[in-house]
Amino acid sequence: MSFFYVEPEIYRRYRDEVIGMSQSIQVNYPENLPPEKRRPGLSDEQIAEKLGLDKRTVTEIRCVAEREYYGIDEWQKAIEFKEQACRGYAREGLGFTTRRLFKERKHAKNNEG
Amino acid sequence: MAQTPSSQPEKPLDLLRVAEEVKSAALGYGADVVGIARAEAWEKYVPEGYRPYDLLPEARSVVVVGARGPTAGAWRSPNPRVMEVVGLDFANDRAIAALAGFIEREYRHYAIQAPGLSVAGHQPPFSYMLAAVLAGLGTRSFAANIVLNPRYGLLYYSACITTLDLPGDPQLEQDVCPHPMCVQTYKHLGRTPCIAACPADEGGCLDGTIDGNGRIDSVYYDRERCTSRAMNFGPVAFQKVLADLVSEEDPTARESKLHSDFSARAISGVSFYKESVAQCFECMRVCPIGRQERKLK
Amino acid sequence: MNPAKRSLDAAAWKDKLKTTAIGGGALVFGVADADSFEAAPEGYRPKEILPSARSVVVIGGAKPRAGDWRSPNYQHMELSSTNDRMTALCMRLAHTIEREAGYYAVVVPPGVDEGQRPFLSLSLAAELAGCGSASLAGPVLHPEHGFMYFAALVTTLPLSPDQPLTDPACPAPECIAMYEEQGRTPCIAVCPIGDGGCLGGSIEDGRWTGRQYDRGRCMARVYNYWGPAFQKVMAEVLQEPDKERRRMMIHSSLFTRTLWSMTYANISQGQCFECIRVCPVDEKTRHLKQEPEP
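Chains as they are written, first to last, in the working numbering: chain A, 1 to 113; chain B, 1001 to 1297; chain C, 2001 to 2294.
Calculated from the structure, these hints are not laboratory results. Among these hints, one or two may not hold up.
What the hints assert, rightly or not - If we take Cβ atoms under 8 Å as the criterion, some of the chain C residues that face chain A in the derived model are: (1) VAL2233; (2) GLU2236; (3) GLU2244; (4) MET2248; (5) MET2249; (6) HIS2251; (7) SER2252; (8) SER2253; (9) LEU2254; (10) THR2256.
What the hints assert, rightly or not - Restricting the straight-line Cα-Cα distance to at most 25 Å, the calculated cross-link-like pairs of lysine to any residue (SDA-like) are: (11) C:LYS2063 with B:TYR1029; (12) C:LYS2243 with A:TYR70; (13) A:LYS103 with B:GLY1190; (14) A:LYS55 with B:GLN1123; (15) C:LYS2016 with B:GLY1101; (16) A:LYS106 with B:GLY1190; (17) A:LYS50 with A:ARG15; (18) A:LYS77 with B:SER1247; (19) A:LYS77 with B:ILE1267.
Note that the coordinates shown come from a computational prediction; the quantities given were computed from them, not determined experimentally. The beta carbon of each residue, even a glycine, is placed where N, CA and C say it ideally should be.
Make a model of the complete structure from these sequences and hints.
So this is what it looks like as structure tokens:
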């Protein structure tokens, strides 16, 4: 007996549904939103019940899907993103993130005018 | 501390006074903030299995502490790698470990340090962030749903679950996020500073809208992209490297990948990741909440 | 003047170190003679760590709290076991000895040397220093506090040694009674070597004897997610011909958890407590109040 891991075919079949119901992409998560608006994501037990799978399989699919969601290139891009954002902020302060947007807005207004 | 030693005849505890003593002890152990939530408060927010009494039978209350992570100086460093490596000194964990011992010793009630590490993928048995919200220490934000404290902004939280029947603190009535300055920025640009720093529609993690009352109307957070940034090196990156290696057919390419700088940093992060729990601070860097606390001479 | 040149009041130093240790959170403190480690293999004795060593100071503590034992979620204790606090406290004692008494002191490394051998057996040191006695379950148990984490330092400071316990903590009277009735102690009953577990043995004249211990199986449980699990999964991955399956294994929950445990090894040291959970030695320290105050 090996250790428990999910068969690729099962993984492919349920991956999107499992990750969609989990907390991977969080839409309207905060507790202080009105209850009718909140979508806090489901636990593995709750997903298993919805899909008619056992909890262990759902956990396994979710774990693999979390890791496979983005390719390794996203980790490389992350280094570049932080380098740019951190040094930009040290240089220009808060304006680093908003100056470009203000410029674009001004440009758009001028064009309207 | 004026407590009844265990060997003395027991008197009913004055729980209001005990709550104050517990909070005072937590601050003495190094916490920056402390609050208490009633155990039943979890009912409304999480399914069975993730509530305080699922971890400690007869749990009545949860003491939550928060501590600042990076120093003010670290926030000023232009090199993002500084905070990647020295993000956290575990002051919150140390405080809560000492506090759990204090509660068992002084009040003879059960107390455990709530387990907050992941046990299945990203999933921990207990959410410290929810505990912080329920203990009135902060509210969620546009920035990765991080719970922001009104005074300090970003904090690292730990929690102690106990059978001690302490009175809970109220949840904050006033949302900490969005800050008035961010509401103004949003009115002009359609984005808050954090969303502008890491916009989902431009390869980032965040999005959201503010309603006419200046409150969060909707919020979007791509946790998996955030993982690639906030867990850039360490266990997750190491898995990505390994998965890539075991899929690579060309032995020369395999060797190059294995010895790459990225791979070396990923492996090194497995050892040192505990000190660098968070490796991306860009949404928090531009957050005005807690900024005053980070201003020094 | 070098503090070591002053005349040494060994008894006062022992008291000072003990007070510092207990004040810093240790539950027990003891001293073993550095020359009393004949039971350790050559190369793994105090003088091989520090030539001219005279004493080995042992402290124990950081045991699971009463609340920890009550949690029905086994994962809770997997994430909260640590000897870090004891090792850090031991380092404080070592600094005190060097800086204030002027004698050499080395903290015994908590990890292992080649061949998975400890640099110096902390269990043996704890026994020789009178901090506890070996148990049928394995860990050294203190008669009052039961299971705990130990740390030790080796020093040239000549301290008067304590003596090993004359009455061992294990087997407890309850275990002797259970053995007489059922032929098993609680720890053997929960993890029997003949039934997929790790422990076996018998009790004769109130002492345990003929202990059987499956170290390999115990490692699979205590280090469920750690270095050995990493090796096991990688061995499977490298044997697996299907590329896609290999990815499933690398991204599996077991392997993910294993990497987290390797990262957080300092607070995820023991990952199986079942034999100690049923141990009655420190049972009385595990009962506190749980009812609401009247």
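| task | List in ascending order the numbers of the hints, as given earlier, that are violated by the structure. | result | Result: no hint breaks.
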